[in-house]
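Enquirer: Counting from 1 along the sequence shown, just add 110 to a position and that's the residue number in the numbering used here.
Since the hints were derived computationally from the structure, they do not count as laboratory data.
Taking lysine-lysine and the PhoX-like style, the derived pairs with C-alpha atoms no more than 20 Å apart in a straight line are:
hint	residue 1	residue 2
1	K230	K253
2	K243	K183
3	K253	K243
4	K240	K253
Derived Cβ-Cβ restraints for the label pairs, each shown as a range:
hint	residue 1	residue 2	range
5	Q180	Q260	14 to 22 Å
6	D246	S273	38 to 46 Å
7	K243	K210	37 to 45 Å
8	S273	K243	39 to 47 Å
9	P275	Q180	40 to 48 Å
10	S212	E187	38 to 46 Å
11	G213	R270	12 to 20 Å
12	K177	L211	27 to 35 Å
The beta-carbon is built from N, C-alpha and C at its ideal position, and this holds for glycine as well.
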Amino acid sequence: MFFTRTFVAAIFAAASVFALATADRDFLLQAAEGGRMEVELARGAAQKAASLEVKQFAQQLLDDHAKTNQEIKQLAEKKGVIVDASSSRATPHLQERLSKLSGDQFDRVYIQEMMAEHQKGAAAFENAAKTAKDADIRAFAAKTLQTIRQHLEKVGALHRKLSAPGTSGNPV
Numbered sequence: 111m112f113f114t115r116t117f118v119a120a121i122f123a124a125a126s127v128f129a130l131a132t133a134d135r136d137f138l139l140q141a142a143e144g145g146r147m148e149v150e151l152a153r154g155a156a157q158k159a160a161s162l163e164v165k166q167f168a169q170q171l172l173d174d175h176a177k178t179n180q181e182i183k184q185l186a187e188k189k190g191v192i193v194d195a196s197s198s199r200a201t202p203h204l205q206e207r208l209s210k211l212s213g214d215q216f217d218r219v220y221i222q223e224m225m226a227e228h229q230k231g232a233a234a235f236e237n238a239a240k241t242a243k244d245a246d247i248r249a250f251a252a253k254t255l256q257t258i259r260q261h262l263e264k265v266g267a268l269h270r271k272l273s274a275p276g277t278s279g280n281p282v
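Construct the entire structure; sequences and hints are all you get.
Expert: Okay, structure coming up:
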């Protein structure tokens with residue numbers, strides 16, 4: 111019996127879905143969702159932020175997460191996991207909340223949300239880097255964790271700056 115390469119590749123991809131640990135699959139799906147959410151929010155913040163530093167940070171998130179989201183998609187495809195490429199389901203409430211804000215109030219809320227998201231992301235990626243069953247997923251998580259930590263450091267500095275007394279009304 112003769113099988114085409116495409117057919118054999120499809121069989122191996124389907125088999126890898128069953129071979130991939132549930133926690134590893136869930137990590138890929140959550141990482142993809144989180145990445146899409148951050149891109150959506152950063153796109154809005156790059157336009158709406160009052161502070162040049164917040165706009166620059168949002169642009170950095172756009173650039174970094176676009177690259178990471180592509181890596182997640184490729185890794186997921188390699189592992190036979192289909193990630194939804196549509197917009198994030200996690201952001202409507204937050205997008206609505208941010209849409210009602212402007213100026214330094216927008217900046218503070220956006221940065222506060224990004225700090226919380228990056229803290230959750232760092233924990234998830236650190237866990238995956240240590241415990242993922244799949245070596246490719248562990249390597250991806252460890253590599254990406256460095257970028258998340260850089261984002262967390264930057265967002266922490268922005269949060270401290272925007273939260274300092276006397277900064278109300280003064281764009282960073």
